[in-house]
Structure formats: C-alpha cells, structure tokens
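K.L.:
Chains as they are written, first to last, in the working numbering: chain A, 1 to 314; chain P, 1 to 314; chain G, 1 to 314; chain L, 1 to 101; chain H, 1 to 101; chain Y, 1 to 101.
Rather than coming from a laboratory, the hints here were simulated on the basis of the structure. Some hints could be false.
Unchecked claim - With a straight-line Cα cutoff of 16 Å, these simulated EDC-like cross-link-like pairs (lysine to aspartate or glutamate) come out:
(1) Y:LYS67 with H:ASP4
(2) P:LYS182 with A:GLU179
(3) L:LYS42 with Y:GLU51
(4) Y:LYS100 with L:ASP82
(5) L:LYS67 with Y:ASP4
(6) G:LYS161 with L:ASP82
(7) Y:LYS79 with Y:GLU27
(8) H:LYS100 with H:ASP4
(9) H:LYS100 with Y:ASP82
All values reported here derive from a predicted model rather than from experimental measurement.
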Amino acid sequence: MLDPIILFFIFGIAAGLLRSELRLPSQVYDFVSMLLLLTIGLKGGLELSKQEFSTIAPQMFAVFVVGLILPLFAYPILKIWGGFKRADAASIAAHYGSVSVGTYAVAVSYMASLNIHFEEHLPILLVVLEIPAIIVGILLAKGLSNGTNWKVVSHEIFAGKGIVLLIGGLLIGWFSGVEGIKTIEPLFFDLFKGILALFLLEMGLISASKISSLKQYGLFLVIFAITMPLLSALIGISMGLMFGFSIGGTAVLATLIASASYIAVPAAMRISVPEANPTLSLTASLGITFPFNILIGIPLYHQMAIKAHQIIGG
Amino acid sequence: MLDPIILFFIFGIAAGLLRSELRLPSQVYDFVSMLLLLTIGLKGGLELSKQEFSTIAPQMFAVFVVGLILPLFAYPILKIWGGFKRADAASIAAHYGSVSVGTYAVAVSYMASLNIHFEEHLPILLVVLEIPAIIVGILLAKGLSNGTNWKVVSHEIFAGKGIVLLIGGLLIGWFSGVEGIKTIEPLFFDLFKGILALFLLEMGLISASKISSLKQYGLFLVIFAITMPLLSALIGISMGLMFGFSIGGTAVLATLIASASYIAVPAAMRISVPEANPTLSLTASLGITFPFNILIGIPLYHQMAIKAHQIIGG
Amino acid sequence: MLDPIILFFIFGIAAGLLRSELRLPSQVYDFVSMLLLLTIGLKGGLELSKQEFSTIAPQMFAVFVVGLILPLFAYPILKIWGGFKRADAASIAAHYGSVSVGTYAVAVSYMASLNIHFEEHLPILLVVLEIPAIIVGILLAKGLSNGTNWKVVSHEIFAGKGIVLLIGGLLIGWFSGVEGIKTIEPLFFDLFKGILALFLLEMGLISASKISSLKQYGLFLVIFAITMPLLSALIGISMGLMFGFSIGGTAVLATLIASASYIAVPAAMRISVPEANPTLSLTASLGITFPFNILIGIPLYHQMAIKAHQIIGG
Amino acid sequence: MTADTIKKLVTIITELSLETTLIREIEQCGATGYTITNARGKGSRGERDAEWDADRNIRVEIVCNAKVAEAINYMLQEKYYDHFAMVSFTQDVSVLRANKF
Amino acid sequence: MTADTIKKLVTIITELSLETTLIREIEQCGATGYTITNARGKGSRGERDAEWDADRNIRVEIVCNAKVAEAINYMLQEKYYDHFAMVSFTQDVSVLRANKF
Amino acid sequence: MTADTIKKLVTIITELSLETTLIREIEQCGATGYTITNARGKGSRGERDAEWDADRNIRVEIVCNAKVAEAINYMLQEKYYDHFAMVSFTQDVSVLRANKF
Ligand SMILES: Nc1ncnc2c1ncn2[C@@H]1O[C@H](COP(=O)(O)O)[C@@H](O)[C@H]1O
Ligand SMILES: Nc1ncnc2c1ncn2[C@@H]1O[C@H](COP(=O)(O)O)[C@@H](O)[C@H]1O
Ligand SMILES: Nc1ncnc2c1ncn2[C@@H]1O[C@H](COP(=O)(O)O)[C@@H](O)[C@H]1O
Ligand code: NA
Ligand code: NA
Ligand code: NA
C-alpha cells in the first residue's frame, strides 16, 4: 500500500508528462511551501526547547563542514568527467552540496507513517546545511580574488524566504513550547500531510516539465544526479552513526544530505554566478534527483540505515 | 434551519447584486475548486476499491449514452423554438448534456447533512458524463464532415484541470484505501464543507454577475434553463431506479444529470466552435441553472426520488 | 510564555526590518483576511441568535455616537498641535475614530488563551463602529456644503469587502445556529488561530515597512499614534462598565475603540478626500498603533479593565 | 489586407483604488474600450510596491482617435494629476479595423 | 554602442483561452519570441473582467521585422477577428541586437 | 492644455530574479521612476512560463529623456545581455508635465 503523498507526486508527474493544463496556482504553491517550512521549523523548535545546546553544537559544526566538502568533491567530477564549463560545474556542485526542504518533509512523513522515531532537532541541521555550499560554489566559479559582492550574496542567502521561515519557525516553536503551540496545531500540524500532498502534486508537475528538457543535456547529467545523492547518503549514514542517531534519524540525515537544492541555491547562483546556465542545474535537481529521492532514495536510505545499525550494533 | 453552505451561496448572490467589491481571489478560487475536485475523486476512489468493476461498467455505459442523447434532445428545442443560431444551439445543448461538479458537491453535502446514504461511486459516473456531450455539441455545430481537429479537442477535454483532478483523485483514493488516506483526511475531508462554503460564496457572486446580463437574452433562455434540468432530472430518477440505487443515490444521480457544465464545456466550445457566443451559454448555466439546482433543484429531486421509490416499491 | 500568534507578529516585524524577501502572497493575504472576517462574523451571529435585540440596540447606538465623537476629538489636536493640513488632519482623525478587525481578532484570541469570558456579540458593535468616523472625516475635510458624492462614498463604505464579510458572517451565523454551523467549524473555527498567526506574520512585515518610512513624519505622529489609543481605551473601559460588561468584554471593547483602521477608512478617504496624503495615516495606523495595540495595548487594557471593575465593584 | 490606420494609444499608470471612477470618466471621454493590467512601480509619490492594497498600481491602455486621446489627457490633468500617483503617455499606433475605435 | 535598428512591436489583446493556439500560429508567422501578461478590459464584446476563466484576457507582445508583423496581422484578421474578443496594434520600436528578432 | 513633450519609453523584459539589482542600476542611470508588471514569454533562452520562480519574467517600463534612455540601454548591454534572458526596446512617447521625467 502506497503512501498517498507519494501517489500525489506520481499523479503530478503523470499529468505533467501527459501535458495536462493542471497547475497549482503560483501563489497557492508559495503558500503551501510557506506552511511546510513553518511547520518543519516549529517542530524543530519544540524539540530544541527540550535539548541542551551543547549536544547539538558539535553536530551543527560537523554538518557545516560536510556542506563545505560536498561541492568540493562534486566540482572536479562535473568539470573533468562531465566536461562542464567552470561556472556550470561550480553551480551544479553548489546545488548538490545544499539541501531540499521538500525532500526532508517527505522523509519526515515517511518515518511518521511507519511510526519510526527520529531525532526531531534535524531542522536545525537542515538550516546549517543550506548555506556553506553556496559560498563554496561561488568561490569555485570565481576564485578567491573575485569581485563578488558578499554583502549582496549573504543578503540573498539569509533574507531568502526559505531560511527566514525555517529560522522563524524554529524560534517560535522554541519560545512557545508544546503547550503554547496547541492552538495553532490544527493549521500547522493536522493539515501537514494534506499540504505536503498538494506540494508534491505541484513538484511532480514541475519535475515532469524538467524531465522533458532532459534529453538535450546528455546521459552524464542523469548519472551524476543519481550517483551523487547515493554517495552523499553514505556520508549521511556515517554521520548519523557518529552522532549516535537512531535508525530513523540516521535515515533522515542521509536523505537530507542526499537531497539537492532547487530554491535557495538557484536564486543565489543567478545573482552571483550569472554565467552559469540555470536550466542545467535545475534540470538535474528537479528533474532527476528530487523524484529519485522521493520514489527510491528514502526507502533505500532507510534500509541502508538499518543495515548500518546492524553492523555497528553487531 | 438552513444549511450554512446554502446561506453562503445566497450571501454571494446578495453581495453580487448589491455590487459589492467582494471577490474570492482568483487563485484562491482555483485552489478551492481543486480541493473539491480532489476530495470528490478521493471519495469515489475509496469506494471503487470496495466494488466490482463488473457492477459499475454497465452503469458507466448507460450514463455515457445519456450524455450523447441529452444534447440531441436539447438542440432542436433551442434551434427551432428558441430561434438560436446553429452554433449557439449546439453549444448550449452541449453545456446541458454535460455536468457541473459544484452542483454535485452540494448534493453530496445535502445528503450528508440529512444522513442519507447514497452510492459513493457516483464520481465515476460524473467523469463519464462530462465528455460525450462535448463531442455531440461539436458535431451538431459543424456536421460530420467538418474540419474539427479532434486531437486538439480531445486534449482540451482530457487535459483540462477538472477531468485530470477527478481521475487523479479517483486513482489515489483507489490505491491508498481507507487506512492510507487517514493522514490526509484533515485537509481533504474535514475541511470539505468549509471549502464548499467558500466555493459557493464565489459562485454566488459569479451567478449574480451573470444574472445582471440576463435581460438581454430574453425569456426563452430562462425557461429553457429551468425546464431542461427538470426534464434531465426525470431521466436521472429513472436511471437511478434502473440501476437499483438507494433514494439518496437516485436523487444525487438526478442532480448530476440535471446540472449544466460551466467549466469544461465552455473551454472546449471556445476552441472548437468559436462562432458560438460564450456569454449565452454561461449566462444560462451560471446565471439560472446553477442557482436553480442549488436552491430548489436538489431538495426537489430528493422528493422526486422518494416518490419514485414509493411508486416502484408499492 | 508568549502566545505564538504574538511571536508570529514579532517574527514578521523582525523579518521586515532585516529586509527579508518574505511576503505572504497577496491573494493568500486576502484569503486569510476573508477567513478572519467571516469567522468573527459567524461567532457574533451565533451569539446574536441567543440574544434579545432590545439589549443590544442601546449599545449599538452608544457606540455609534462614540464613533462620531472620536474623530471630532482627534481632529483639532492633529490640526493645531500637529500642524497638519486640514485634509490630512481629517483623514487621520477618521482612521482613529474607526476600528481594526485584526486588532479585535488578537484581543479575542488573547481572551480565549487565558480562558476569560467576554461578550460574544461584540462583532456587531465592531460593524457599527467602522462607519461613523468615515462620514465625520469627510465632513471635517470638506465642510458641510461640500461636493461629496455621498452615493459613491456610501457604496465605497458598505460595499467594501470588510463590512460585507462581517455582516454576511453575522447573518449566516445567526440563521445557521450552533448546530448548523458544526459542519463548517473545522475550517472557520479550528483553524482560526493558525490563520490569525499567518495574518499577523504579514501584518508584521507591513508594519516594518511602514516603520521604515516613519522618520520623515516626525515625532508628533508617533506620540499621537500611541496617546490616541490610550485615551480611546479609557472611553472603551467606561462604556464597558456602563454596558455592564464582564472584565473580558470591557477589555475587548476598549481594544476595539483603541484600534485604528487601515483598510476601510484608507479606501474611503482615497476616493472622498484625495488631497489627503494616504502615507501619513497608514504610517501612523499600521506602523505604530497596530503594533502598539498588539504588543502592549491589549494586556494593558486588560489590566485597566480589571482595575476598573475592582473600583466599581469595591 | 485592410489598410492600416493611425490611432492613438494612451497609457495611464495610476492607483488601483481609482479604477472604477477612472474607467467611467475614460468612457465619458469617448473611449470604446480599454485594457488593464496590474502593476507596481515608483515615481514622484514614492514606491508603490503592490504589497498593500493602497500601494497597488494599474496600467490602463486605451486605443482611440486623437480627439478622444486629447480629451482623456485633459481630463486626467484636470481631475487626477494633483492628488493621485499618476503617469500617462501617448503614442501613435497603427490598427486594423479602425472603425472599432 | 551598437547602432539601433527599427523593428515592429505588435501588441495583441485577446482571450486567455486562445493562448496555446495563438502562440503556435504566431511562431509559424516567423516570430522568434513573445511576451505575455495577464489583463482585463472592455471592448466591443463587452466587459472581460478576469473574474471567471472565460473572462480573462492576455496581452501578447511580439518584437519582429515588418514582414513578420504583417504576417501576424494578416493571420489574426483571417482566423480570429470574427469570433474572438481581440484587439491588436502595431508600432515602431528601436532595438539593440536586432539580429535577435 | 500644457504642451506635450516627446520623451523616450524604454521597455525591458527580463528575469524576475534581477528585479532588485536592475532597478537600482536604472535609477543610477537617472530614471525618476519605473513601472513593473509580471510577465511570461519565450525567446532565445527558451520558454519562461512563470511556473517556477526561476522562470518568471518582469516587464519594466521607464519614461525618461533621450540621454537617460541611452544610458539605460548601454548599461543593459554591458552588464546583462550576455548572461540573462533579456529583451529591450525604445519608443517615442508624448507626455504631459514633462518636468516629471
Ligand atoms: N518615469 C517613469 N517611468 C515609468 N513609470 C513611472 C515613471 N514615473 C512614475 N511611474 C509610474 O507611475 C506611478 C505613479 O507615479 P507618480 O505619480 O510619479 O508617483 C508610479 O508608481 C510608477 O508605477
Ligand atoms: N479601444 C480599446 N483600447 C484598448 N483596449 C481595448 C480596446 N477595445 C478593446 N480592447 C481590449 O481588447 C479586448 C477585446 O476587445 P473586443 O474584441 O473589442 O471585445 C477587450 O476585452 C479589451 O481588453
Ligand atoms: N521577439 C520577442 N518579442 C517579444 N518578447 C520577446 C521576444 N523575444 C524575447 N522576448 C521576451 O524576452 C524574454 C527574454 O528573451 P531571451 O533573452 O531572448 O530569452 C523572453 O522570455 C520573452 O518574454
Ligand atoms: Na546535498
Ligand atoms: Na446535464
Ligand atoms: Na478607534
């Protein structure tokens, strides 16, 4: 029996490939995204109020470092094997070093539907992971002595809707506490999966439109867009074990690291590395990696987490 | 005591006639419609998973035939008695041969509020009924040897938002099953009547604006727009009895057949029969038939179904 | 422990001051406002069905008179002490004589979260209070023998979205009754605080943008925009006592009278007194008075109501 | 192909709140039609970023003959320029079916 | 600075429901691009206030050479003018990088 | 009636993501105002159908004198034409209250 939210995603892809006129109205899509971001933030914030900062700080640091390393690892592959121009290789690398909140939300919903516990403070790591890859990507594209206006770039990153809503949600959740949040639960928590279903419907439609533009970019991009998340997931599994996470937490962290950005990074790259072709990275991220993670990745990473825990535990 | 959703509709009509600036924002209207279509589809799909296809298939066939016949019946009336041009008569006939999902939703809600059981697989018949009248309408307007681009027309019909969402909802409901759907119930099922209320508020506003443009089209259109649903309802009642439906199911089927399209058919006619005046058919369908069915038709068809069952049963 | 909806407001102000790109999409904002207005109307209407008109009529009259007097009181202050031009003084006075539904909603939510009872028919007084100040404002700006097209003005007032939705909600609530309304409660009542949270997020963003344009209007406007609600609240407290309201009702009425319009009045003034600078009054109302009432005013008026009841009771 | 005719295209950018009254006056000047799009912008009356109802602009286009164009421009100047955010400009355009305008 | 070149700007205001087919035909006339904005308005076929799907307008702009402009105008006249709410007008515009169009 | 004056109308169609920076530069060129509408379209960089944030266009109009128009066009050419989806064209328009621009 399939989770309905996955069916909504498949439905979206199918409708898109069949060239249906179906679209979630753009402002409704924005609204739905906002709700997801706020809900994820709120949940993380509620958890924060129960935790010691000292336990989380080292995890934040480790995750930040991973965010710096991932694009450095992807860049030469894209440049040398893929034959991409410098700007394009750097931009794609930045997308895969950063994360996708939509993918995270599906992982969360997957765990919830199987009643698997996971570390609820992961949204904080999510926020931390979004940023370093952008900086590395710009440096890769332009070199250290470049003319990047870092003030503009950092504004673009930190003032972007995604980060602001996640951090806002975290803080509100933290300050409100479990009791306080009760009154807004019907909107933010009870509707969560329905809202996620609508989000995935639209994401399916978008993915389908990107899939159609795939052929012009060749096989290498496809292979990269599947292999890169698999390798990233391995890193995620290792980190989960290192942090002493539960099986669920390990799988969600793997999903997080395996995911590729399609909102924050494209926006930042467009401003900072305009010579990179935005269609290239969005096609990979939205057309291949997102559907791969949703349909195959998450259950796979879950199995990997189980295996890894058996090996360690045994 | 009046059902609040009917009050919302009356409120919309009143606000519209008083030339208030009130409008549901267009994208919110689209969103609300999408939710209704998906919910109706989901409910039908859940029911499908409990039924044998062999019981439903003959009903689908019968209903398809009715969809072919209704416009053939309406066309000469409109052409000869109404004095409409060929294209206009054909287009109006197509509207009345097809169905209105909004009207169906109100019938469903009416039955639910009176705790009357009805056959839940009706959404499948709804999907089947939407289409044949469009084809007949085009043929009536253009003749058999016309230059209609059927590929474009069939894309217009099947790729239209309405059909896609209904079928998508049906399939998702079918594959998910009652257990699977639980997590998305708060959005799609619990909010249903509230969402329907907002939909009817906007429909009231739209109806009011169409009512204002009514006088220029004369009395015949008004009479047709009330008589046609009444006759169609009689056909619906007979079919309900034929199918062995409950009283509720008979009444809902009658409502379905009595309803007139205002989304799928106008869009298809605009492309295929551009010489037809779209204001004419929309004024009839939205300005008269929709409010008539909502305010008078549904309770009336319910009474008719009760009577019919008494006669048959006695 | 802070109410999360207040945190959403503070979050909005912070994000706005930090020049984040965060915005509630405009149609979603309209939708959220509509839901709040309808919910407030519905709640009032439910209450109406339990009350005698004869108890409420005198309160409506008294409140109407207050709505006439408040701008007459504010006008000379603004004109003489503030040095504003006639049109501007009249327009600002009208804003402060009228009310803000958003502020009322927060007061309602504040009382609910502290489990404090209040007179539920207050939405009727809200409707009554919106209007007189507009008329007085126009007369102040243009004199009695002016060329105001009162037909246009009254259409602008009564056909405005706010009034129409409030009155529509009132009537629907009244006719439906507590039982009837049950089916639409999940959307209109259960989601209320979540919807209010989103509304306040956007209001915070708007307030922040108005705060930025504050410096060019000088200190007087700031002082006025804080003092005026305080004085109005005193009047509200006295009226609450006069009406024999509970502590909660007294505080909510005080909040109501202390609030300043930012939707109905600006729209009406733009049409009727175009020579008034709209930025001036909106800056005061949205940039100062709204946040003041939300963050400081409501708890303060609650304390004032307690004190006043002690004095009277003792 | 029907011969082209030269007409005027008047474009007005102003506050959304004016829409109803402005349209009425434009028709009184003799315009047979108009087209409106939503807009935002900045000018002498500051930024109008369409974030708040009061800050929304519309962009109105009217195809008409020179006389109507002049009447519209005169009307704008007399009644609106002083108190409203408003910009307008006029161009020549060539149209088919010129009798429409 | 590259020398400016004079091109034609064709503006079409018509029903939203035509978008897909109209765009196809415009490209067949030789246009290399187009820009669309949502619009509402009023004309000989009554008010189209964008409140209902069937009442929404679009405003299509095409920068092109004179030949393509003529082809588009001819096509509009032949296929659309009779049955659809439609207005179109043509202007001269000066563009940079004229080879684009 | 005030005498009309001829000014330039520069229209730019480009990516939404450029809005903030582009506006800043346009003002630095000496423009006193601008108007923006949301748009979608197609050109040499493919279809931009406004479905995804990255695929949204804006249409910017600036009424200005010839010198500012030239400065804007030069700036666009230098800084944006190579890497961004962008089209621009310039026309003559007659305006009232010419001192505004
Ligand atoms: N120079 C300009 N070019 C294009 N649009 C302008 C210009 N100046 C003003 N506008 C538009 O007209 C509106 C009103 O202008 P204003 O009355 O100058 O504030 C602004 O909000 C802009 O949308
Ligand atoms: N004179 C006009 N000026 C500007 N736009 C017009 C004019 N006439 C019609 N329109 C626009 O073109 C659409 C179709 O016009 P029509 O075919 O005359 O109904 C209308 O809905 C308006 O948006
Ligand atoms: N020939 C054209 N006519 C009108 N608009 C165009 C044309 N070519 C391009 N555009 C618009 O300008 C945007 C960017 O063009 P481009 O840089 O050629 O991709 C497109 O997305 C269209 O909205
Ligand atoms: Na990643
Ligand atoms: Na029918
Ligand atoms: Na007040």
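K.L.:
Now, for every hint given, state plainly whether the structure supports it.
P.N.:
Hints versus structure:
1. Y:LYS67 with H:ASP4: holds, 14 Å
2. P:LYS182 with A:GLU179: violated, 25 Å
3. L:LYS42 with Y:GLU51: violated, 26 Å
4. Y:LYS100 with L:ASP82: With a Cα-Cα distance of about 13 Å, the restraint between Y:LYS100 and L:ASP82 holds, given a limit of 16 Å.
5. L:LYS67 with Y:ASP4: holds, 14 Å
6. G:LYS161 with L:ASP82: violated, 28 Å
7. Y:LYS79 with Y:GLU27: holds, 15 Å
8. H:LYS100 with H:ASP4: holds, 13 Å
9. H:LYS100 with Y:ASP82: holds, 13 Å
Going through the hint list in order, the structure does not satisfy hints 2, 3 and 6.
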